[in-house]
Every structure is written in C-alpha cells, then in structure tokens.
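*Asks:* Each chain is listed here by its residues.
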Amino acid sequence: MNRPKQKNAGIGVGYVTIMIIFATLCLTVFAVLSFHAAGSNDALNDRAGEYLKEYYEADTRAKEILCRLDEIADSSRNSLFFAESFEEGAGEIEGVSVKNVNGGISAEYSVAINERQNIFVSITFFETNKEYQINVWQTGTNSFEDEPGLNVWDGTF
Amino acid sequence: MNISNKRPLNLFFIEIIIALLFFSISGAVILSVFAGADRRSHKSELLESVMVYSQSIAEVYAVSGNADETLKTVEKECGRLDESIELSKFEEKTENTAGTLSKLTLRFTEDGEEIYKFTCSAYIQNGGNNEQT
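Chain order of the listed sequences is W and C.
Okay, so the first sequence: first residue is 4 according to the working numbering, each after it adds one.
Okay, so the second sequence: first residue is 5 according to the working numbering, each after it adds one.
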C-alpha cells in the first residue's frame, strides 16, 4: 500500500515569526503606555509647580502691598487725622480701596495669581495700636458672575 | 532524497535569524522607550518632593522671616531632601519704619541642572518682633 509519509510534528515554518511579532507588539504597547503615563505625571507636576510658583509670587506682591500699607498706617498714627492721612496714602497704591470701620480703617485689594485666580486681601489697621488684623487672605476666582449657573428646574410649570 | 529533507530545516533557521534580527532591533527601540519613561518618572518624583519641600519652607518662612531658622525647622520636621539635590538660597530684606519684608529665593539643582526655583516672602512687624494678631 502506497500511503503518504507522516509529517514531522515539530515547530513549523512561520510559527516563530508569529510569536515574535506578538511579543514585540505586547512590549511596544507596554512601553508606549508607560511612557505616556510618565509623561502625563510629569506634565501634571510641571503644572502644579508652575501654579505653586505663581501663587507665592502673588503672595509676595500682596505682602509688599501690606508692607507699604503698614508703613502708611504707622506714619498716619503720628498725624492729627489718622483716617484721612491713611486714605490719602493708600490712594497712591493701585487697586487698594479703604473704608472706615470701628476703631480703624479696613483696606481691601486683590493680586492676580494667573488669568483666572486672585488673592483677595482685607486688612484692618487700628488707630490706637500698631497691630493690624488680617480679615481675609484667600484665593478665589476672578468673578463669580462669569461662571454659568446650572440649568436646573426652577420649580415652575 | 537527502536534499529535499534539509530544505525545511534551512528555511526554519533562516526564519529564526530574520525573526531574531527583527526582535533585537525592536527590542533596542522598546528598551530606550522604557528608559525614557523611567527618566521622566524619576524627574517627576524629584519635582514632586521638591515642591512639597518648597511649600513647607514657604509656610514656615512666612511666620519666622529667617531663612536659616526656616531650613532647620523644615529639615527637622520633613527630613532631608534626596542627597543628589542641592539647595541654594538667596535672602533679601527690606526694612521700613513699621516692619521688615523678607524675600527668600530657593534654587534646587541636580548635577548642576535646575529642577525648581521659587520665591516666597514674609512680612514681620517691627524688625523681627512679630506683633501681628
């Protein structure tokens, strides 16, 4: 009987190529994903670092204004009219608004951190003692009015 | 008969050689991508630790207004930074009749390359005697 010869059961031609292509594809995907993850983390940290820098620069500018206002308050205490003298001095500093409060004067100003955020400051300088009181020293967005409200049902039919 | 038996074996070896060549070239590229990812990750970790350290320094300095005292306090509370990181500082003080405004600029470097630089400040009334409420 003339039967065909049985084929060898070893690794066939093409099998190794397929395995290597599969392994290379897997490694490529892992490499790209890890590079992308590291890049995203790096970009996030860069942004956080930039914000930190911007915040403390704005904080420094706010303290410079506080320093000038305290100097004005100090010299105004020696004058006859504390409130008038302080208002006149503070008026020379751009962006500072003052108002009379009980026992002294409250000065308010804001310093830009970036395009969207500011540091809002409100400080009361007293007429009788050298101390000042920081009422507000906080970060906020430029304007709450700019933010669109939520489109929710107002309760009317 | 012998010749026809050897043909598939030769083909198999040629395939193995081509596949290994392809794998070694792509392996080299993939390894460099992994190394790049590791470098970025290391840089990111350094920046993160430096930022936390800087923030601690800024908050302590805002109260003390003294750079050396601030660095000692932060080192005591937060521990030392990575040994590869060098910290250089520059302090500037402006005095007036009411108090002193101090500015502290910090520069973090690793192997001469700047990682992070930032400035913080402190205002202390009456030249160091902090009387503010």
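Quick caveat, the hints were computed from the structure, so don't treat them as lab data.
Some hints here could point you the wrong way.
Lysine-lysine pairs mimicking DSS-like chemistry, simulated, CA-CA at most 25 Å apart [said to hold, decoys possible]: (1) W:Lys133 <-> C:Lys80; (2) C:Lys93 <-> C:Lys121; (3) C:Lys76 <-> C:Lys107; (4) C:Lys121 <-> W:Lys133; (5) C:Lys76 <-> C:Lys97; (6) W:Lys56 <-> C:Lys107; (7) W:Lys133 <-> C:Lys107; (8) C:Lys93 <-> C:Lys47; (9) C:Lys76 <-> C:Lys121; (10) C:Lys80 <-> C:Lys93; (11) W:Lys56 <-> C:Lys121; (12) C:Lys107 <-> C:Lys121; (13) W:Lys102 <-> C:Lys121; (14) W:Lys56 <-> C:Lys80; (15) C:Lys47 <-> C:Lys121; (16) C:Lys121 <-> C:Lys97; (17) C:Lys93 <-> C:Lys76; (18) W:Lys56 <-> C:Lys97; (19) C:Lys93 <-> W:Lys56; (20) C:Lys107 <-> C:Lys93; (21) C:Lys121 <-> C:Lys80; (22) C:Lys97 <-> C:Lys107; (23) C:Lys107 <-> C:Lys80; (24) W:Lys102 <-> W:Lys133.
None of these values were measured; they are calculated from a predicted model.
*Asks:* It remains to establish, for every hint, whether it holds in the given structure.
*Replies:* Hint by hint, here is what the structure shows:
Of the supplied pair hints, the one linking Lys133 of chain W and Lys80 of chain C is violated, its CA atoms being roughly 34 Å apart against a limit of 25 Å. A hinted pair counts as satisfied when its Cα atoms are at most 25 Å apart, and Lys93 of chain C with Lys121 of chain C qualifies at roughly 10 Å. Annotation: proposed proximity of Lys76 of chain C to Lys107 of chain C holds, straight-line Cα distance about 17 Å (limit 25 Å). Between Lys121 of chain C and Lys133 of chain W, the direct Cα distance comes to roughly 35 Å. Violation of the 25 Å bound is thereby established for this hinted pair.
Between Lys76 of chain C and Lys97 of chain C the CA atoms are separated by roughly 19 Å; this keeps the pair inside 25 Å, and the hint holds. Distance restraint check for Lys56 of chain W and Lys107 of chain C: the Cα-Cα separation of roughly 14 Å lies within the 25 Å cut-off, and the hinted pair is therefore satisfied. This hinted pair checks out: Lys133 of chain W and Lys107 of chain C have alpha carbons roughly 23 Å apart, not beyond 25 Å. The suggested pairing of Lys93 of chain C with Lys47 of chain C holds, with an alpha-carbon distance near 21 Å, which does not exceed 25 Å.
For the hint pairing Lys76 of chain C with Lys121 of chain C, the CA-to-CA distance comes to about 19 Å; that is within 25 Å, so the pair holds. For the hint pairing Lys80 of chain C with Lys93 of chain C, the CA-to-CA distance comes to about 18 Å; that is within 25 Å, so the pair holds. The hinted pair formed by Lys56 of chain W and Lys121 of chain C meets the criterion: a straight-line CA distance of about 8 Å does not exceed 25 Å. About 13 Å separates the Cα atoms of Lys107 of chain C and Lys121 of chain C, which keeps this hinted pair within 25 Å; it holds.
The suggested pairing of Lys102 of chain W with Lys121 of chain C is violated, with an alpha-carbon distance near 38 Å, which exceeds 25 Å. Only pairs whose Cα atoms come within 25 Å are accepted, and Lys56 of chain W paired with Lys80 of chain C is accepted, the gap being roughly 24 Å. For the hint pairing Lys47 of chain C with Lys121 of chain C, the CA-to-CA distance comes to about 15 Å; that is within 25 Å, so the pair holds. Between Lys121 of chain C and Lys97 of chain C the CA atoms are separated by roughly 19 Å; this keeps the pair inside 25 Å, and the hint holds.
Restraint check: the Cα-Cα separation between Lys93 of chain C and Lys76 of chain C comes to about 13 Å, which is no more than 25 Å; the hinted pair holds. Using a Cα cut-off of 25 Å, the hinted pair Lys56 of chain W and Lys97 of chain C holds, with the two alpha carbons roughly 20 Å apart. Of the supplied pair hints, the one linking Lys93 of chain C and Lys56 of chain W holds, its CA atoms being roughly 15 Å apart against a limit of 25 Å. A distance of roughly 10 Å separates the Cα atoms of Lys107 of chain C and Lys93 of chain C; the hinted pair therefore holds under the 25 Å criterion.
Taking the CA atoms of Lys121 of chain C and Lys80 of chain C, the gap is about 22 Å. The hint holds against a cut of 25 Å. At most 25 Å may separate the alpha-carbon atoms for a hinted pair to count; Lys97 of chain C and Lys107 of chain C meet this at roughly 6 Å. In summary, the hint linking Lys107 of chain C to Lys80 of chain C is supported, as the alpha carbons are separated by about 22 Å, within the 25 Å threshold. Proposed proximity of Lys102 of chain W and Lys133 of chain W is supported: the alpha carbons are some 18 Å apart, at most 25 Å.
Of the numbered hints listed earlier, those contradicted by the structure are 1, 4, 13.
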